[in-house]
Each structure stands twice: as structure tokens, then as C-alpha cells.
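Residues per chain, in single letters:
Number of protein chains: 2
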Amino acid sequence: MTSRFSFDITHRDPQTVARSGLLTTAHGSVRTPAFVGVATRATIKALEPQALIDIGLQIVISNTYHLHLQPGEDVIASLGGLHGFSGWNRPTMTDSGGFQVFSLGASKEHGVGKVASIFPGNSPSTKPKVRPSKPLVKLTEQGVDFRSILDGSPHTFTPESVITIERKLGADIIVPLDECTSPLHDHAYTKNSMERTHRWARRGLAAFQFLKDDPTFPNPHQVLYGIVQGGAYQDLRLESARFIGELPFDGFAIGGSLGRSKTDMWNVLDWSIPLLRDEAPRHLLGIGEIEDLFTCIARGIDTFDCAAPTRLARNGSVFLKGAPRHRINLRNARFISDDGPIDPTCDCFTCQNHSRAYLRHLCRVGEFTFYRLATLHNLRFLVRLMAEIRDAIDDARLTALARDWGFRL
Amino acid sequence: MTSRFSFDITHRDPQTVARSGLLTTAHGSVRTPAFVGVATRATIKALEPQALIDIGLQIVISNTYHLHLQPGEDVIASLGGLHGFSGWNRPTMTDSGGFQVFSLGASKEHGVGKVASIFPGNSPSTKPKVRPSKPLVKLTEQGVDFRSILDGSPHTFTPESVITIERKLGADIIVPLDECTSPLHDHAYTKNSMERTHRWARRGLAAFQFLKDDPTFPNPHQVLYGIVQGGAYQDLRLESARFIGELPFDGFAIGGSLGRSKTDMWNVLDWSIPLLRDEAPRHLLGIGEIEDLFTCIARGIDTFDCAAPTRLARNGSVFLKGAPRHRINLRNARFISDDGPIDPTCDCFTCQNHSRAYLRHLCRVGEFTFYRLATLHNLRFLVRLMAEIRDAIDDARLTALARDWGFRL
Chain D
37 MTSRFSFDIT HRDPQTVARS GLLTTAHGSV RTPAFVGVAT RATIKALEPQ ALIDIGLQIV
97 ISNTYHLHLQ PGEDVIASLG GLHGFSGWNR PTMTDSGGFQ VFSLGASKEH GVGKVASIFP
157 GNSPSTKPKV RPSKPLVKLT EQGVDFRSIL DGSPHTFTPE SVITIERKLG ADIIVPLDEC
217 TSPLHDHAYT KNSMERTHRW ARRGLAAFQF LKDDPTFPNP HQVLYGIVQG GAYQDLRLES
277 ARFIGELPFD GFAIGGSLGR SKTDMWNVLD WSIPLLRDEA PRHLLGIGEI EDLFTCIARG
337 IDTFDCAAPT RLARNGSVFL KGAPRHRINL RNARFISDDG PIDPTCDCFT CQNHSRAYLR
397 HLCRVGEFTF YRLATLHNLR FLVRLMAEIR DAIDDARLTA LARDWGFRL
Chain L
37 MTSRFSFDIT HRDPQTVARS GLLTTAHGSV RTPAFVGVAT RATIKALEPQ ALIDIGLQIV
97 ISNTYHLHLQ PGEDVIASLG GLHGFSGWNR PTMTDSGGFQ VFSLGASKEH GVGKVASIFP
157 GNSPSTKPKV RPSKPLVKLT EQGVDFRSIL DGSPHTFTPE SVITIERKLG ADIIVPLDEC
217 TSPLHDHAYT KNSMERTHRW ARRGLAAFQF LKDDPTFPNP HQVLYGIVQG GAYQDLRLES
277 ARFIGELPFD GFAIGGSLGR SKTDMWNVLD WSIPLLRDEA PRHLLGIGEI EDLFTCIARG
337 IDTFDCAAPT RLARNGSVFL KGAPRHRINL RNARFISDDG PIDPTCDCFT CQNHSRAYLR
397 HLCRVGEFTF YRLATLHNLR FLVRLMAEIR DAIDDARLTA LARDWGFRL
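From first to last, the protein sequence lines are chains D and L. Using the numbering used here, you'd call the opening residue of the first sequence number 37 and step up by one each time. Using the numbering used here, you'd call the opening residue of the second sequence number 37 and step up by one each time.
Simulated from the structure, these hints should not be mistaken for lab results. One or more of the hints may lead you astray.
Dumping the calculated DSBU-like pairs for lysine-lysine here, alpha-carbon to alpha-carbon at most 35 Å [as the list claims (entries may be wrong)]:
no.: 1; chain 1: D; residue 1: 248; chain 2: D; residue 2: 81
no.: 2; chain 1: D; residue 1: 81; chain 2: L; residue 2: 357
no.: 3; chain 1: L; residue 1: 248; chain 2: D; residue 2: 81
no.: 4; chain 1: D; residue 1: 357; chain 2: L; residue 2: 357
Only a predicted model underlies this, so the values are computations on that prediction, with no experimental measurement involved.
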């Protein structure tokens with residue numbers, strides 16, 4: 037089966053390692069750098085696929101762990117994979133389930149996210165409904181035994197089974213099972229975990245190649261990205277990038293703990309990215325504050341996924357260039373009679389139709405309508421920002437654009 | 037100030053007292069019979085105003101009690117009333133607050149709705165967040181003292197203050213403060229309550245006339261409907277319809293307890309409606325099952341509001357002609373791999389774009405997207421049903437249409 041996947045780098049920023057490009061999948065192309073919308077359970081919260089098309093969102097990522105539990109990969113496969121099931125016929129990714137291993141393990145024990153303490157908005161918020169006396173997660177060389185957060189039922193993910201699940205889900209870009217370590221894990225634990233993730237990466241790749249020509253899966257044109265691990269440790273990131281970078285993956289994702297600060301995160305990228313084939317696309321898992329978009333693109337990242345922009349929206353926090361952290365919280369009393377839009381320069385449905393006062397009211401009383409209107413704005417804001425960044429790369433003025441937004445690259 | 041309000045009866049059914057007509061307000065016309073969407077807090081749950089326009093919904097009703105508490109009528113008035121505030125520039129009603137007096141009083145004590153026991157879906161579901169040792173509601177001749185369900189703060193509604201609040205909210209059709217009695221109230225209580233509601237109706241009307249030409253309110257073209265009370269007691273309904281019917285209201289609403297069965301409800305209508313001026317529009321408060329639409333239109337009702345269709349949607353129950361009670365519940369396991377739409381004959385966005393399997397998944401996992409998609413379908417279904425009913429009245433075949441839906445008029 038010939039792959040319909042390609043990645044063409046169209047421009048390079050002269051002052052950084054940022055690049056713009058075109059990522060082509062069996063379900064359409066993505067201009068990069070791009071923000072990947074988080075559709076955990078096969079929908080972005082509060083937005084049906086048509087709304088995403090109207091916004092101009094190019095690609096979404098869904099969650100292997102959640103979809104395996106509900107409704108199950110066989111149901112989704114029988115309905116044409118995620119594309120047929122959800123009606124989103126555009127580029128799609130699935131994650132590995134590894135972050136859930138992490139989020140139900142270390143983060144529940146220690147209360148930390150991918151970057152310790154600095155991204156409170158990023159910490160996993162799913163509370164397990166079942167709290168068995170046994171641990172929820174058990175890692176072995178073979179894979180991960182875990183209990184469902186829904187009903188406590190036992191499940192196992194292996195590198196092979198996760199590839200089969202993802203082939204049934206049918207996203208255009210998939211990743212192998214990995215363990216996502218915590219910033220609280222020490223060097224020894226992180227090294228051990230990384231080495232296992234490397235063995236799992238080989239096994240996932242072998243399973244993917246073995247299943248490649250099986251005609252029973254909904255999407256014959258899937259590709260597999262490798263995931264670089266190694267925590268915030270330089271020797272481990274170098275080793276992982278070298279190891280994963282040499283395997284025949286179609287692209288690369290940077291996963292796992294990114295340390296305790298923005299500087300740690302930037303170091304991780306600066307260590308890893310030079311060791312990954314330049315011509316392959318690079319995805320940063322679970323990161324996507326506005327500052328991160330600029331600083332990580334400048335370090336060579338092509339795509340990002342992050343639940344924060346949509347979660348922030350549901351909490352009343354909407355993007356506005358120039359406000360502190362480029363956002364305002366509509367719960368604030370100062371908006372009670374404010375008849376202007378969130379952002380007078382924004383072309384989104386929400387800003388074109390509704391006032392801050394109305395949105396504040398809907399937010400305060402917890403109306404579902406608010407979740408939709410705020411999410412529409414935040415995603416449209418990111419879509420426009422990414423277009424602005426791509427244009428800046430094409431015109432060799434990324435550093436100036438970042439400065440205009442208040443960031444140093 | 038000349039009223040821009042009119043009601044023109046265009047056709048009459050030869051076999052029943054059903055009629056079709058055109059209700060004209062300062063914000064546009066409503067073809068009747070019509071279903072009034074329930075926008076309690078100035079939004080129909082999960083749908084922004086543009087979605088209602090796309091569906092073809094003609095008119096909504098908002099809740100004076102809830103909007104008085106949040107964000108307050110002064111905020112809404114300062115933003116152009118409900119029309120300017122919400123962006124819904126079409127016909128709008130507000131209720132009297134009387135149902136909340138009831139729902140925080142008798143229904144909390146006895147667990148009953150407007151029609152005892154037969155409409156479980158209709159019973160008030162708002163749980164007070166504050167449970168003070170003092171009663172939440174105290175009725176006097178002057179008005180109603182109550183505590184906010186939000187923070188326990190004390191408030192008073194009088195017939196005069198409710199008119200002022202509603203004038204600030206600016207809906208096209210408003211109603212005076214009433215007490216909504218319970219099916220569990222006896223004849224003596226109901227009579228006493230009705231007589232007070234009559235005195236309140238006179239006071240509300242006087243306040244409305246006094247404020248009529250005050251230019252500070254957002255909508256100079258509001259009209260006032262009177263509310264008929266009297267529970268399920270024939271002598272009281274006759275007395276109330278005669279009393280309210282003789283006052284110079286622009287239309288009439290049937291309120292209060294409608295008894296313990298459909299037969300009780302039909303009796304209430306059969307007693308009351310002949311005593312109301314035929315040329316005035318008649319609204320039935322809080323009723324709107326599919327059977328009710330047919331049987332109450334046949335008894336002379338022009339408009340209905342009911343939260344059940346949107347609440348049912350959020351619970352997974354969507355309308356389908358011919359199914360038991362003309363609805364199916366998408367939570368049902370039989371829909372897990374069903375790739376068809378809810379209703380193959382439906383032109384709504386949901387049926388045009390999404391399968392039962394996808395909707396069932398979104399419902400089971402509690403996604404906000406589901407609430408929107410299911411609500412879109414149920415409201416579009418009612419909009420189409422009402423159009424079908426209007427056409428049947430115009431063509432003198434309402435009884436046949438009802439029979440086709442399984443109902444006897």
C-alpha cells in the first residue's frame with residue numbers, strides 16, 4: 037500500500053530553526069506549524085465537527101485510552117473508523133494511552149502534570165470514579181495492566197494491542213505505547229522507563245509493519261510517529277532522540293516529562309530535535325500555551341496538541357492579545373455591562389454576535405451555550421495565531437512577531 | 037404609544053375549536069399554533085440564538101425569577117433588554133416568577149409538578165443550594181418574600197415590582213405575578229389563592245398601564261397577558277376565566293395546577309377557554325408533550341412553552357414519529373453500531389450529519405456536544421410538527437392528522 041503521507045518544508049526562519057510546511061495525510065493537508073484540537077472522546081468538547089471546519093481547525097487528536105473504554109475500537113472500526121464515526125473527515129491523530137498510564141499513576145500520587153507546577157491548567161483533571169485498594173496501574177515489560185476509571189474493570193495495553201486499537205480507530209497519525217514519566221521521577225527511574233519505551237517502540241513499529249497491508253482496518257494510509265522520552269535529563273533525551281530518530285518512523289513526537297520550568301522544556305527540545313531527521317514532522321505532546329507556541333516553533337516543532345485552550349474557555353478564560361498572558365476571565369465583575377465583544381478584531385462567531393456582558397452571564401450561570409461560544413473563540417484565536425506565525429516564518433519575521441506578542445525566542 | 041401587537045385568526049378547524057393565526061409583536065410575527073422555546077436564563081440550553089433561527093423557532097420565553105437573580109434586570113435593561121442582551125431579536129415572552137414561587141414551595145414539600153404524577157419529566161428539577169431552616173417562600177397579600185436559591189439572600193416580588201422587572205427585561209409578551217397552585221392544594225386553598233391572584237392581576241395591570249409610556253424601558257411595545265388560575269376545580273376555573281377574561285389584557289395564559297390527569301387538563305381548558313375573548317391569543321404555561329400539542333390546540337390553545345423537549349434531549353430522549361410516545365432513548369444499547377440518523381425524514385443538522393451510534397457515544401460519555409445535537413433535533417422536530425399542525429388546520433384536516441399520530445381529539 038503506497039502511503040499518502042508526506043511532509044514538505046516550504047520555508048525556514050533565518051534566525052531560528054522554525055520552519056513552515058505542508059503535512060499531507062489521506063484525509064487532507066495541514067499547513068504547519070499547526071495547533072491540533074483535542075477531541076478526547078471523538079469530539080472537541082461542546083463543538084461538533086462542522087463548527088471546527090467553520091473555525092478553520094485543520095487537525096484533531098483523540099484519545100486511545102478513552103475510546104478503547106467507550107465505545108470501544110471495534111464499534112468505531114465498524115462505522116468507518118474515527119472519520120466515519122464522528123463525521124470529521126479531515127486529518128486526525130490518536131495518542132498512545134501512555135499519558136493515561138501516567139495520569140492515573142504518578143500524577144495521582146504526586147499531583148503533577150507534564151511540567152511540574154508551572155502549568156496548573158495542564159494537570160490532569162480526570163478523577164477516577166473507582167478507587168480500588170489495588171493500584172490502578174501496573175507496568176511490566178509486557179505492557180500495562182490497568183483498571184478502567186469507569187467501572188474498575190481490568191484492561192491490558194501492550195505495544196502490539198495499542199497498535200491494533202489505533203489501527204481500528206483509523207486516525208491518520210498514530211503513536212506507539214509509551215510510558216509518560218513525571219518530573220518527580222529520578223534519573224534511574226526515567227532511564228529504566230525510557231529503555232522500556234524504546235523496546236516498546238520497536239515492538240509497536242513491528243506490529244504496525246505486520247498489520248500494514250491488512251485490509252480490514254478502516255484507514256489503509258495511517259502513519260506511525262515515534263515518541264522521544266527521557267524526562268528532563270540531557271543524557272537520556274540525547275539517547276532517546278538518537279534511538280527513536282534512527283527507527284523508520286514517519287514523524288516524531290516529543291513526550292514525557294518536560295521538567296520543572298519553561299527553560300527545562302526548551303532544553304529538552306534543544307537536545308532532542310537536532311537528532312531527529314530534519315525532513316520528518318515533529319509533534320509536541322500536550323503543550324500549547326501561547327508563549328509555548330512561539331518558543332517551541334522556534335525550536336523546530338511543527339504541531340502541538342493541548343487541552344488547555346478549550347479547558348480555559350470552559351472556565352471563562354478567553355484569549356485576547358495584549359491582556360495579561362493574552363487572556364481575560366469573563367467571570368470578572370468588570371464585564372457585567374460590557375456590551376463589546378471579547379476581541380473587536382476577532383472574526384469568530386462569538387465575537388461577531390455576542391457581548392462580553394452576555395457571555396459573562398452565561399458563564400456565571402453555567403450554561404452549556406457558554407462552553408460552546410467560549411471554545412469557538414479560543415480555537416479560532418489559535419487558528420488565526422498559527423496562520424500569523426506561518427506567514428511570519430514565510431516572510432522571515434518570526435522573531436519580530438514574537439516580540440510583538442511579548443515573547444523572546 | 038401605539039401597540040405594534042396584533043393577533044389575526046386566519047383559519048378555524050371545522051371539527052374542533054382549533055385555529056391558526058398570526059401573532060405580531062414589535063420583534064416580528066409568530067405563526068400559530070406555535071411552540072415557545074424555553075430560554076430560562078436568556079438562552080435555550082446548549083443553543084445560541086443563531087441556532088434557533090436556523091431551526092425555525094419563532095419565539096422563546098425567559099424566566100423573570102432567574103434573570104432577576106442573575107444578572108439582574110438593570111444589567112439587561114442597560115444592554116437593550118433581552119433582545120439586545122442575548123442577540124435574539126425575535127418575539128420573546130417572560131413568565132411571572134409565579135411558577136418559581138410554586139416550585140420552591142409546594143413542589144419541594146410534596147414532589148409534584150403542574151399535573152400531579154403523570155408528567156414525571158415536568159416536575160421541577162432545580163434543587164435549592166441553600167436550605168435555610170426558615171421557609172424559602174412566604175406569601176402575603178402584598179406579594180411574595182423569598183430567598184434566593186443561589187445565596188439565600190432575601191427578595192420580594194410584588195405585582196408592581198414584577199411588572200417593573202419585566203418592563204426592564206423587555207420581552208414582547210409579559211404576564212403579571214400569580215401564585216401557581218399544586219394539584220395537592222384543596223378547594224379552599226386554591227380559591228383563596230385564586231382570589232389573591234385576581235387582585236394581583238388588577239394591580240399588575242394598573243402598574244403596566246401606569247408605566248406604559250415611560251420611555252426608559254427598552255421595549256415600548258410590550259403587551260400583558262392575564263393568567264387564569266383555579267386549579268382543577270370547575271367553579272374556580274369558570275370564575276377565574278370570567279374575571280381575567282373581562283380585564284383589558286392583550287392575551288390570556290392558562291396557569292396553575294392542571295389536575296392529576298390528561299382528562300383534568302382537558303377539562304380545565306374546556307371550562308376556561310369559552311370565557312376568554314375569542315379574538316385574543318391563548319397561551320398554555322409549561323405544557324408541551326406531543327399529545328398535549330394536539331389535544332390542547334384542538335381546545336383552542338395558540339401557544340405553548342415547555343422545558344420537557346429540551347430536557348428530554350439532554351437525557352438522551354429524542355423525538356421519532358411512530359416510536360413509543362414518539363421518542364427513542366439514544367442511551368439504549370441497540371444503537372451502539374447504528375449508522376443511521378435519528379430520523380431519516382428529518383432535515384435537522386443532527387440528522388443530516390450524525391449517526392445514532394455517534395450520538396449514543398456522546399450521550400453515554402456526557403459530552404456537551406451531545407446536548408447541542410440532541411436539542412437541535414428535538415426543537416426542529418417540534419417546529420416541523422407545529423407547521424404540520426398549522427397546515428392541517430388551514431386544510432380542515434386536524435383530526436385526521438392527529439389520528440395519523442395516534443391521538444384522538
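Tested hints:
no.: 1; hint: D:248 <-> D:81; result: 32 Å, holds
no.: 2; hint: D:81 <-> L:357; result: 30 Å, holds
no.: 3; hint: L:248 <-> D:81; result: 45 Å, violated
no.: 4; hint: D:357 <-> L:357; result: 50 Å, violated
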